[in-house]
Amino acid sequence: MSECAILIKDLHKTYRTGFWLAKKKSLFGISLEVKKGEIFGFIGPNGAGKSTAIKVLAGLLRKDSGEVLLLGKEPSKAESRINLGYLPEQPYFYDSLSGYELLKFYGGLSGLKDSLLEERISWALKLVNADADWIYRRLRTYSKGMQQRVGLAQAILHKPELLILDEPMSGLDPLGRRDVREAILALNKEGSTIFYSSHVLSDVEAISHRVAMIIDGKISHTGTVEEITKETGRNSLEDVLAKEVSRAVP
Amino acid sequence: MLFLREIYLIATNSFREAIRDKILYVVLIAAVGLAAFSVMLGEWSVFDREFVVKSITVSIISISGLFIALFAGVGQVQKEIQKKTIHTLLAKPVSRAAFLVGKYIGLLAIIAVHVTLLSLTLFFVLWTIDGTISVPLVQACYLVFWELAIVLAFAVLFSTYSSALISSVFSFGIYVIGHLGDQILKEVYFVYRMSEEGSFLHENGQLVYNIAKAIHYTLPNLFKFNASMQAAHSMTLESAYLFWNSLYAFGYSGLVLCLAALLFRNKDFV
Chain A
1366 MSECAILIKD
1376 LHKTYRTGFW
1386 LAKKKSLFGI
1396 SLEVKKGEIF
1406 GFIGPNGAGK
1416 STAIKVLAGL
1426 LRKDSGEVLL
1436 LGKEPSKAES
1446 RINLGYLPEQ
1456 PYFYDSLSGY
1466 ELLKFYGGLS
1476 GLKDSLLEER
1486 ISWALKLVNA
1496 DADWIYRRLR
1506 TYSKGMQQRV
1516 GLAQAILHKP
1526 ELLILDEPMS
1536 GLDPLGRRDV
1546 REAILALNKE
1556 GSTIFYSSHV
1566 LSDVEAISHR
1576 VAMIIDGKIS
1586 HTGTVEEITK
1596 ETGRNSLEDV
1606 LAKEVSRAVP
Chain B
7 MLFLREIYLI
17 ATNSFREAIR
27 DKILYVVLIA
37 AVGLAAFSVM
47 LGEWSVFDRE
57 FVVKSITVSI
67 ISISGLFIAL
77 FAGVGQVQKE
87 IQKKTIHTLL
97 AKPVSRAAFL
107 VGKYIGLLAI
117 IAVHVTLLSL
127 TLFFVLWTID
137 GTISVPLVQA
147 CYLVFWELAI
157 VLAFAVLFST
167 YSSALISSVF
177 SFGIYVIGHL
187 GDQILKEVYF
197 VYRMSEEGSF
207 LHENGQLVYN
217 IAKAIHYTLP
227 NLFKFNASMQ
237 AAHSMTLESA
247 YLFWNSLYAF
257 GYSGLVLCLA
267 ALLFRNKDFV
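First to last, the sequence lines map onto chains A and B.
The first sequence finishes on residue 1615 if you use my numbering, and the numbering steps up by one all the way, no holes.
The second sequence finishes on residue 276 if you use my numbering, and the numbering steps up by one all the way, no holes.
Read the hints as simulated data drawn from the structure, not as lab findings.
All clues given are correct.
With a straight-line cut-off of 20 Å between C-alpha atoms, the simulated EDC-like cross-links for lysine to aspartate or glutamate are:
id, chain 1, residue 1, chain 2, residue 2
1, B, LYS273, A, GLU1432
2, A, LYS1388, A, ASP1581
3, B, LYS85, A, GLU1466
4, A, LYS1442, B, ASP274
5, A, LYS1509, A, ASP1538
The following block holds chain B by itself, in its conformation from the complex (with noise of 0.2 Å):
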């Protein structure tokens, strides 16, 4: 009991601090801002105006919440241990492990507020334009909390043993590769199939394969929670495809987490 109520304490310490943060509202702000650009980008393109405001914005709430996920995420942590506030909280009767999952929790908050702000927009912008406001664009922008889930477990993991810089890079570039892990893995058998025998590529073919394999199977399937074209062309996702998704990222941000809670362990404060 006492290590929820030290979990829940620090999550609303950080949601706290995080809410007063200006650099937040900056990103909504664009984000926003952006979203309603895409009803411009509508008219300009070729495509059915509603089709690319959907499409623009789910995207637009997923790179914003990245941006969110990687400045409170990787800053948050980094500026207790930089400005040394975890001195005086790690002194308290708080395990390390709770100051991790509270900071993530909070964060979390953070970004279900930011996914929830930005996806009222869309459906304000869509009924604005008298777009029609779907189930599956509702599931597209649920599966994005998801995905951002995941990335804001690394921020963390990655803010516990190294500098705000890396680990922004590190957390983004998870971000990317969990987003092509599946095209680059198709792009590699392909070359492989395609290579003649004997040659250079076809010998290393098969090694090169099952490390592409091994770095799909082991970092976050991103791509698995872009449901931008379900929603733009109105196809309805299963409730088990979310079911599966979402025990997916739930049970991934948890083994992040245990893993930045090990490292942390053993940590020295100088």
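The following block holds chain A by itself, in its conformation from the complex (with noise of 0.2 Å):
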């Protein structure tokens, strides 16, 4: 248990969406366990469940029933969340704030002491590849990439045991999403687990120990990339998203 960074027993989550709060079930009962040390793609199409499931981990959605552990507390729970960093998908900020003031504003909460703040912001920046002088600017003019990489940036400031991110690529250029994809092999190379999902195939298993693939509120696959392939007979992870999606077609 103790190796384990995430853990996931049966979870369902049903929630309550649009005017009439209709009742909208995501998740069907799905496991995971992700060890200390990974790099650990989740991937699915659209509507799948990944958000859902990483939501419910980041404690912002409560599950209806299952066991859901983060480095063996319940993510409801604040405590849960002091070694854990998380990017959102589409991240959304105070766009009044500049991007320093917003990083020593998470730095903050995320317990860094402000004597540690400045040399963490420098870090966290350098390891993004993010250009130190439009830290100062507002927030609301910023492009998709700059968000993107002040969003990786405040979700590691503390240097957390635990990264879930949310399609961290999702919007970026080529160049963009190389500089993510080599952030998140510096921080596994540091220690920290990385959870995260993504639609960018290829990087998943350029850069995945293992992968979990979610069809329709359910664990299809897990494992390395090899073991699924081989698994399902097909070439890529691609190839085998596709196959999975056109049988749970109706």
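Make the complex out of the two chains shown on their own, each in a separate frame, by following the hints.
Below is the structure:
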């Protein structure tokens, strides 16, 4: 158990959405184990339940039933997030703040002391390959790529044991994607466990130790890229995903 | 200690965000303009000019503060939810209760600044017309702050589970009912007493009176915070009255925030 960074057992989640608060079941008893030190890719088509599962892990959604542990603690408790770094899909920030003010604010909330903040901000910006000169500009002037970088920087400021990234490469140009990929590898080398979702399957194949595929709220495959492709007799994750999606279509 | 640090950081951020919001300046400038305009009203009125300036400006401080409580209180919490900035924030080791309390304190600081600035404007206006800046006037401004503290707590409560429009309407309703609660109770009792025995009004009067009494005691008694007449007539309020009203506002706001935290605890952020 102590080797597990993330443990999910038989997780079910239904939430209410829209004006009439209609019920929508998104997760149908998923189970996963992410070991400490892994880079774990979480893939699936749009609407499969990736973001829902990630939001349960980040404490933003409350589970219906099942067991979820984040470094051995329930995600609904604030202390479970002391060693967590989280980047939401399409991160939104306070646009009246500058990037620097935002990082100071989030660094403080992550428990970093003022004396350590400056050093960590420089470190994080360097790691995500961000120019130091735009960090003093208001966030409303940032491009998508800049927002994504500052989003990743806020997630890693306190050097968390576990990083959960929801679509960290979405909307980025090839250079931006390369920077994020390299940042993930560098953080993993420093000891962080990375759990991330992505639609860019070539990147997932390139950097993940293990992968889980989710289709219609159920885990269809878990294992290394080789294990999954071998098991399904396909050449790539893209082929496996295409096959699973076509099978799932009624 | 960590809880206090979270609250401090969120309150500071909330204050900074509100300070950079242009709409608050519009409210403030409009209120300052109206305070200056009260001098002209004093000239036209049959009452003493100083009396008019004092009573009108204290009401302006209260109503403009209400708009700030609505814009900033409802706006900030709703913006966090709608724009999803709350997703990054709540993924930090921050409890949801700390988020709400921090927001509330930051916005209360904005209201304190607003009441102080407008009170200073009022004193300046009085100085220009050779009026007296009396203790009752300061007391009236002080009570307006506590009145707005209660309304702000309701604004935060409503915005945790309903839309910005509905939250604003409800908070405005609390302000109106809170001010009229005493009057409504008296009117209901008067109608009941004056109705003929055996009439429909008399038969059901007791029930209606009990309902009005329940509403009166459940909703905040904001009329107790309206000391504009005392200020205008230079009648000093007893310090015990100020103390118990402050304690009432503090306790009431605390209870409303506890309820907000309870509702917010299991909210899903989709």
